[in-house]
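Protein chains in written order, with the working numbering: chain A, 1 to 329; chain B, 1 to 303.
Please note: incorrect hints may appear among the correct ones.
Here are some, though not all, of the chain B residues that point toward chain A, as calculated from beta-carbon distances under 7 Å [as the list claims (entries may be wrong)]:
#	residue
1	I109
2	G161
3	G185
4	A189
5	K191
6	E194
7	Y195
8	I202
9	G203
10	H213
11	P216
12	N217
13	S221
Derived by calculation from the structure, the hints in this document are not laboratory data. All C-beta atoms in this analysis are idealised placements derived from N, C-alpha and C, irrespective of residue type, glycine included.
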Amino acid sequence: MTTSDVLLDVKGLKKYYPIKSGFLKKTTHYVKAVDDISFSVHSGETLGIVGESGCGKSTTGRALLRLIEPTAGEVIYKGVNLASLSDAEMRRKRKDLQIIFQDPFASLNPRMTVGEIIEEPMVIFNLYGGESGRKQKVARLMEEVGLKPEHMERFPHEFSGGQRQRIGIARALALEPTLIVADEPVSALDVSIQSQVLNLMRDLQKQYGLTYIFISHNLSVVKHFCDRIGVMYLGRMVELSPKRELYQEPLHPYTRSLLSAVPIAKPKAKRERIILSGDVPNPANPPSGCAFHTRCPDCMDICKVERPSFVPMGNGRYVACHLYTNGGG
Amino acid sequence: MTTAVAEKPVPNSPKPKRSKWGKLLRRFLRNPGAMIGMLLLVLTVVAAVFAPFIAPTDPDQADLRARLAPPSWLDEESESTHLLGTDQVGRDLLSRIIYGARVSLMVGILSVLISMVIGVILGLIAGFYGRWVDDVIMRLADVQLAFPFILFAIIVMAIFGAGLWKLILVLGISNWVGFARLVRGQVMAVKEMEYVQAARAIGATNLRIIYKHVLPNVMSSIIVLATLNVAVNILLEASLTFIGMGVDPSIPAWGGMLADGRNYIETAWWVATFPGIAIMITVLGFNLLGDWLRDELDPNLRA
C-alpha cells in the first residue's frame with residue numbers, strides 16, 4: 001500500500017490575497033488563505049486534507065497544480081519544483097497532475113459534448129494519433145468510469161450529478177496521470193451516490209496506480225478513503241498523521257474537537273463531545289501566536305504569543321501545538 | 001412468433017437524434033412573434049436579393065408625365081399604373097423600395113459584422129486578461145462613447161465624401177463599444193467557472209481556453225446583440241441618408257426617399273409614407289427575431 005518514496009514534496013506553500021483599500025488602492029494587509037504549509041505525498045497513497053470551510057484546503061489543492069499561483073513555497077514533483085516552471089513547462093507537466101472538481105455542474109463546459117470534454121486533454125497533448133484513436137480511448141474511458149459510450153454525443157445537462165462527476169473523472173484520467181487532486185469530489189452528490197463514486201475512485205487507483213490528494217470536510221469519508229490525513233485550520237496545517245493513529249489518538253486539540261463531532265452509529269455510546277466556543281476568526285486578521293488559541297480548550301500563555309512550529313512526533317506524525325513542544329501545560 | 005425472432009433487439013439508445021437546431025426550430029414554429037419577425041425579414045431579404053426580377057420597372061427610370069402619381073388603387077381616374085405611386089420625378093416607388101432593401105440590409109448587416117469583430121475581440125481580451133489591459137480597452141471605449149456619432153459621421157463624410165462603403169465603415173467603427181462591454185462582462189463571469197480551471201488543468205493554452213471555452217459560452221448574447229444592432233444601424237443609415245450624409249443620392253435608399261418625400265407630404269403623402277413603412281417592417285423584423293433569440297439562447301432556460 002503505502003510506499004516510502006516521495007512523489008510530491010510541498011515546502012512552505014503560501015497563498016496570500018492582498019486586501020486593497022483607500023483611494024490609491026494600497027495594499028494594507030493580506031488574507032493568508034494558505035500560510036506556510038509543508039507536507040509530502042508518497043507514491044500510491046491517498047492523502048486526505050480536512051478542515052472546515054474557508055480553512056484553505058481547496059486553495060492548497062489548486063496552488064499545488066498552479067491553478068492558483070502560489071505566493072511562495074516549493075512544490076517538488078519528482079525532483080522538479082513546479083512553482084518555478086514557466087507557463088509552457090507547467091502545461092507539459094499537467095499531463096501527470098490532474099484534478100477532480102467539487103461541483104460537477106460547473107466543471108463541465110455546457111457547450112461541449114461529453115465526448116469532446118473527455119477527448120480534449122488528448123487533443124491538447126496530441127495523443128493516440130488522431131481523432132479515431134482518441135474516440136476509441138474516450139469510449140474505453142467512459143466504460144471504465146461506468147458511463148455508456150453511446151452517450152458520447154450528449155451534453156452535460158442531460159446527465160445526473162453522479163454521472164457528471166464520472167465524466168469529470170474520465171477527463172482527469174484521459175492523460176493517465178500519476179497524481180490526482182480530488183477537491184471535495186463527492187460533497188455535492190447525494191449520499192447514496194457518494195459511495196459509488198468513492199468505490200470507482202478506489203478501483204481506478206488500483207488499476208492505474210494513482211496517488212490521490214483527497215480534499216474533504218467530511219471526516220467519515222476521509223476515514224474510509226485515505227491512508228494519511230492532514231488537518232487544516234485557518235490556512236495552516238495543524239496535524240498530519242497516518243489515519244489509524246489520528247482517529248485513535250488525535251494530538252492537536254482542534255483535531256480532537258473535530259473527531260468528537262463525527263456522528264457514530266451507536267446511539268447509546270457515551271463519549272465526550274468537545275464543543276468549540278466562538279467562531280472561526282477572520283483570516284484577514286488572524287489571532288497572534290497559534291491561530292487556534294482563541295478557541296482552544298487547552299490554551300496556554302505561550303500560545304497567544306508564539307506560533308507553534310510543525311514538528312515530527314514519531315511514527316510519521318506531525319503536529320503544530322505547544323502542548324507537545326514545551327512538555328505540556 | 002417468427003416475426004419476433006426476426007426482429008433485431010432494440011438498440012440501447014433509441015433516442016431520436018434530434019439536434020439542438022431541430023429543437024430550436026420546433027420552438028421557433030410555436031412562437032408567433034418569432035414567426036412574424038422571420039416573415040418580415042424573409043420579405044426584405046427576398047426583395048433585396050431578387051430585386052431585378054421582382055421590381056415592376058427600373059427604379060431609376062423617370063416618367064415626367066406621371067410625376068407624383070398616386071397609388072393605382074387610390075387613383076379615381078385610374079390613370080396611374082404604379083402600385084405604390086411615383087415620386088416627384090415620376091419614378092416607380094415600389095421598384096425603388098424593393099431596390100432600397102439592398103442598401104438597408106447591406107449597411108445594417110455589414111456594419112454590425114465590423115462592430116462585432118472589433119468589439120468581441122477587444123471584449124474578450126479585456127475580460128480575460130483584466131488588469132491594465134482591461135483598463136486601457138475600457139477607457140478607449142469611454143472615449144469612443146463620449147464622441148458623438150453624428151459628429152464623427154459628418155467629419156468622415158466631409159473629409160472623404162459620402163458613400164456606401166464609408167457609411168458602413170463609420171457605423172461599424174463607432175458601434176463596437178456595445179459588443180466590447182457585453183462580452184467583457186460575460187467573459188469575467190465565465191472565466192471564473194470551474195470548467196475554465198478544468199481546461200487550464202488539462203494543459204490548455206489561454207488562446208484555446210478563450211476560443212473553446214469562453215467564446216462559445218458568450219456567443220448567444222453576441223448573436224442577440226448583433227440582431228438588435230442591425231435594426232439600430234438600419235435606422236441610423238436611414239437617418240444619415242435623410243440628412244444627406246449617407247448613401248449617394250443616385251442609389252435608391254429608404255432614408256433618401258423619405259427625405260425626398262417630406263416636401264410633398266401634404267399633396268402626395270405616399271412618397272414619404274411607403275419608404276417609412278419599409279424601414280419599419282425591416283427594423284421590426286430584426287427586433288422580433290432578436291427578442292426571440294434572446295429568450296431562446298439563454299442556456300439556463302434550455303431544457
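Checked hints:
| no. | hint | in the structure |
| --- | --- | --- |
| 1 | I109 | 25 Å, violated |
| 2 | G161 | 45 Å, violated |
| 3 | G185 | 18 Å, violated |
| 4 | A189 | 12 Å, violated |
| 5 | K191 | 12 Å, violated |
| 6 | E194 | 4 Å, holds |
| 7 | Y195 | 4 Å, holds |
| 8 | I202 | 4 Å, holds |
| 9 | G203 | 4 Å, holds |
| 10 | H213 | 5 Å, holds |
| 11 | P216 | 4 Å, holds |
| 12 | N217 | 6 Å, holds |
| 13 | S221 | 13 Å, violated |
The earlier numbered hints that this structure contradicts are 1, 2, 3, 4, 5 and 13.
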